[in-house]
Amino acid sequence: IHPGAKLGERVFFDHAMGVVVGETAEIGDGCTIYQGVTLGGTSLYKGAKRHPTLGRDVVVSAGAKVLGGFLVGDGAKIGSNAVVIKPVPAGATAVGIPARIIPSKNGASADVTGSERKFSAYGITLEDDPLSQAMRGLIDSAKGQEHQIALIWEAIEKLSSRAPGTGDCVPGDAAREECFEAEKLTQLVGR
1 IHPGAKLGER
11 VFFDHAMGVV
21 VGETAEIGDG
31 CTIYQGVTLG
41 GTSLYKGAKR
51 HPTLGRDVVV
61 SAGAKVLGGF
71 LVGDGAKIGS
81 NAVVIKPVPA
91 GATAVGIPAR
101 IIPSKNGASA
111 DVTGSERKFS
121 AYGITLEDDP
131 LSQAMRGLID
141 SAKGQEHQIA
151 LIWEAIEKLS
161 SRAPGTGDCV
171 PGDAAREECF
181 EAEKLTQLVG
191 R
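Taking the numbering used here, the leading residue of the sequence shown gets 1, the next gets one more, and so forth.
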């Protein structure tokens with residue numbers, strides 16, 4: 001931690017090994033910074049604002065790199081090993097390399113002082129994890145397709161019973177029952 005860096009009150013370095021905080025970095029009140037985090041600069045000009053400013057109650061998860069002289073807004077979360085190279089709005093979450101910004105649910109700053117604040121040590125929860133959201137979408141889509149297939153089978157069986165000699169037009173290895181385990185997959189991904 002450079003002696004020129006400015007730290008607010010109640011800043012918590014959890015397992016602080018390997019943390020790098022540059023000269024012009026500013027860390028707001030109540031921030032939590034995990035091991036291996038770099039609050040680094042991208043400019044070589046001495047005296048310029050080269051390092052990030054973290055607002056109040058920001059969580060920077062293990063291994064994250066926040067590089068540049070920009071603002072990470074109040075209540076923002078930086079996911080593990082993310083590489084953040086642009087401003088993060090208040091209440092948003094940044095994940096990935098380079099970091100993708102996931103806005104807060106209501107598009108405004110998270111209420112970081114409220115009793116309902118959920119703390120996530122690694123900056124992202126199942127509700128806002130883009131991979132989990134994608135998986136849930138795929139599971140829901142597959143579940144809908146299984147239902148449509150079941151309806152088609154009902155129609156085929158009704159038509160086959162009305163027209164004699166059409167029973168052999170359906171392939172013998174065609175699955176007539178649903179076998180997609182949507183509930184099991186949903187439990188694995190989380191809802």
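None of these hints come from the bench; they were simulated from the model.
Please note that a few of the clues may not be correct.
As the list claims (entries may be wrong) - Below, simulated DSSO-like cross-link-like pairs (lysine-lysine); rule was C-alpha separation at most 30 Å, straight line:
{"hint": "1", "residue 1": "Lys-65", "residue 2": "Lys-6"}
{"hint": "2", "residue 1": "Lys-86", "residue 2": "Lys-49"}
{"hint": "3", "residue 1": "Lys-143", "residue 2": "Lys-86"}
{"hint": "4", "residue 1": "Lys-86", "residue 2": "Lys-65"}
{"hint": "5", "residue 1": "Lys-6", "residue 2": "Lys-49"}
Now the hints, each set against the structure:
| no. | hint | verdict |
| --- | --- | --- |
| 1 | Lys-65 to Lys-6 | holds, 18 Å |
| 2 | Lys-86 to Lys-49 | holds, 14 Å |
| 3 | Lys-143 to Lys-86 | violated, 38 Å |
| 4 | Lys-86 to Lys-65 | holds, 11 Å |
| 5 | Lys-6 to Lys-49 | holds, 12 Å |
Of the numbered hints given earlier, the model fails hint 3 alone.
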